[in-house]
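Take the given structure of chain A and dock chains B and C to it, following the hints.
Residue numbers (my numbering), protein chains in the order written: chain A, 8 to 205; chain B, 23 to 114; chain C, 235 to 770.
Errors might be hidden in some of the hints.
Derived DEER-like restraints, expressed as beta-carbon distance ranges [as the list claims (entries may be wrong)]:
| # | chain 1 | residue 1 | chain 2 | residue 2 | range |
| --- | --- | --- | --- | --- | --- |
| 1 | A | T173 | C | G360 | 55 to 61 Å |
| 2 | C | G360 | B | I45 | 53 to 59 Å |
| 3 | C | D605 | A | P62 | 35 to 41 Å |
| 4 | A | F148 | C | G365 | 25 to 31 Å |
For the record, the hints were derived by calculation from the structure and aren't laboratory data. Ideal Cβ placement from N, Cα and C applies to all residues, glycine included.
The primary structure of each chain is shown beneath.
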Amino acid sequence: MSEHTLSHTDEFKAGRALGLDHRKLGMWLFIASEVMFFGGLIATFLHYKYQLGFPEIASLDVFQVGLNTLILLTSSLTVVEALSAIRHGRGGRMAIFLLLTILLGVAFLSGQAYEFYKLYEEGITLTSGVFGSAFFTLTGFHGLHVLIGVVWAIVVLARGLRGAYTAEQNMGVEVFGLYWHFVDIVWIILFTIIYLIP
Amino acid sequence: MQEPATPSTKRSPRYAAIFLVLIALTLIELWVATAGLAGGWLSLILLSLAFGKAALVAAYYMHLHGDSRLYTTIFVLPVLLLVVFVLLSVVI
Amino acid sequence: MTTDTAKPTWRRYLWWNTDHKVIGVQYIVTSFIFFLLAGALAMLIRAELASPGPDFLSGEAYNQTMTNHGSMMLFLWILPVLAGFGNYLVPLMIGARDMAFPRLNALSFWLIPPAGLLMLASLFVGGADAGWTAYVPLSISGPPGQTLWALSVIILGTSSILGAINFITTTITMRAPGMTIWRLPLFVWGMLATSVLVLSATPVLATGLILVALDRTVGTHFFAVGSGGDPVLWQNLFWFYSHPAVYIMVLPAMGIISEVFPVFSRKPIFGYRMIALSSMAIAVLGLTVWAHHMFTSGMDPRLRVPYMVSSMVIAVPTGVKIFSWLATIWYGKLRLNAPMLFALGFISMFLIGGLTGIFLASIPVDLHVHDSYFVVAHLHFVLFGGSVSAVFAGLYYWFPKITGRMYDERVARFQFAVYFIGANLAYLPLFLAGLQGMPRRVADYAEMFTSVNQLSTIGSMILGFAVLPFLYNAIVSMARGPKADANPWNARTLEWKTSSPPPTHNFEQIPVVTEEPYAYGEDAAAGGPSPSPAAG
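Excised from the complex, chain A in its bound form (with noise of 0.2 Å):
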């Protein structure tokens, strides 16, 4: 069993000749299933928006949503700052930058909720029409992405309080990282495509 773990390691070796660590390669893979995955939605979306119209989108709050873009966008810099301490050996400001990012992603989560609680009271819901299951479809898909990614630097603060990363192992926090931009760029393309094209 040690003898089988031991040798476990060198397996990476060809690998590693290419520069490649796996897991980070298998977060760009599953990064490119994903962008099929919200293609699929946004292309919902955009199917019926230019076949229906979508009169209901005068209802949607531009400058409350830009706001929460703002936030998530500033969170995109919590995350690459706290990858950044790290790769210093800071993992006290690697901490707090997570907490800031934990603490915005949480910000941007009321804020959706605040906006889908407002169409609700409108009456746009979810079983309203096809804008509502549209529209709630997709960005409740992202928030759930938002959602699973605060969880996840829950887990990264966590381990990194228990001092799991140093300046030279710290793909963890790198890994979480790419998925946290990447919900990132899904946020900057849906704003544009369901906020602000008319």
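Relative to chain A, chains B and C alone:
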């Protein structure tokens, strides 16, 4: 020692600069979208701004800039496929 | 990693295990069980169609049987069995000790049994009856089983996405020293191309099915006809996955064939790079041709011709492969063992399926035979004559490696004969029925189609019988067959350079690769030793 610690020893100020650009682009987007402009160009401008922001995040925050080209390929190809797919879904 | 080494060997196969070889066998055995179930459904369908008029299946029951036959064959048999081969073989073939993410790998497998049970359970609450294509609005208004069906396919899709991430990462990062890109065995190339397709296409299917499931459970309006829901959207989402899905199910099968031909012809494979690149070309083209399935669904006519052309272009890389295989056999020292027989069966039947596919891609023909039995025949020649033949070739070829024992060659050859006759008798008459206009997916048919249908029914019963000699052979040989040595076929890919069955860590010493995988020269035919360090 899995990670070749090449990227980012003095990148930190650059992250903030990128952030400011992202914020500025977002404000421009909001202004363009609400200024009452009309026409097909508007969508094109807004989409370009969005893709520009996305590219900045991918290149600098996700470190595609300066990382293995393979990662860029893995990310960009499905995005292109997505654009084709979405365009067709709109046309059909 | 391997907390299980203390347990008796057989019990490892029944529980969570991260050894890729155990997982590979789990995949193969589980999917074979579903193959038997789906096959039983097929025989039920053929029995119903033995004479015109509804006999013992009502229209409703017929549709449920047909839907679950198709779905189980595709999602619970062909996809997982090929993933099983990939799991077992890819790490061995590239000289690695395991997959890149062993625990994720185990998870990919353990998603399959619950999804399979979900699909089986759906039969008892009013089974899905909208066909494996689940066209809306039929799939929205269908019985409750349709929701379970959708959930099941979503879970299976997730499993194959996770598997694809694992295969690509493993192939890129875990190759043994010297295993360059141009020394990868062609089966690994096939898995790589398939994984690219799975990653790009399966998430879109998941989206579509989530929308269907939401419509059915929550009451959203994506496909509700009254409020503007559009069936064409579903077709777009569905075929974006399901056209590539055909290649997902065929590319690894082609990889198996590319392994078998050189070994049993004692010649290097002809056009190695062309075969490898054509897999990639098929993957790329496969992603662009989905919309040809909607020729008859009112798509913009201006888009039709480009799609027709691209659908036909995809035949070119497939043709490259077929001619390369023929050139490999040409003047070879053929050994007609069961894997080779099935590989030859693959070529002949896949050729019929592929060529009739070109007919279907041509718009005027498609408008005529769309939704007729012509399509059914085409599909079965590609997926059964193609993929399933290749799976049997692979099962026989790697049987000694996986079990450490040889199968009975005479029984295997007998099984091939029954299988080949049964398959052709079952599917060839359907072309005729289709050209004469017999619509598919109907339990009843006009008198004029009786004789072709009876032929087909007889064929299908023979085909169903063909599985018995296989099961007998597999079970008896596993228990009492003669012990196989490390390399009974005298093959040169890395999986044969370790003992049969391989140890948990695959290789005593990671091999160093110094040559191409199919260097069968004169000396190799004579059984000369390979320069790489042999192990085990």
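Here is how each hint holds up against the structure:
1. A beta carbon spacing of about 57 Å between A/T173 and C/G360 agrees with the range 55 to 61 Å that was offered as a hint.
2. A beta carbon spacing of about 54 Å between C/G360 and B/I45 agrees with the range 53 to 59 Å that was offered as a hint.
3. Distance hint check for C/D605 and A/P62: the Cβ-Cβ separation is about 38 Å, which falls inside the suggested range of 35 to 41 Å.
4. Under the hint 25 to 31 Å, the C-beta atoms of A/F148 and C/G365, about 27 Å apart, fit the expected range.
The earlier numbered hints are all upheld by this structure, with none contradicted.
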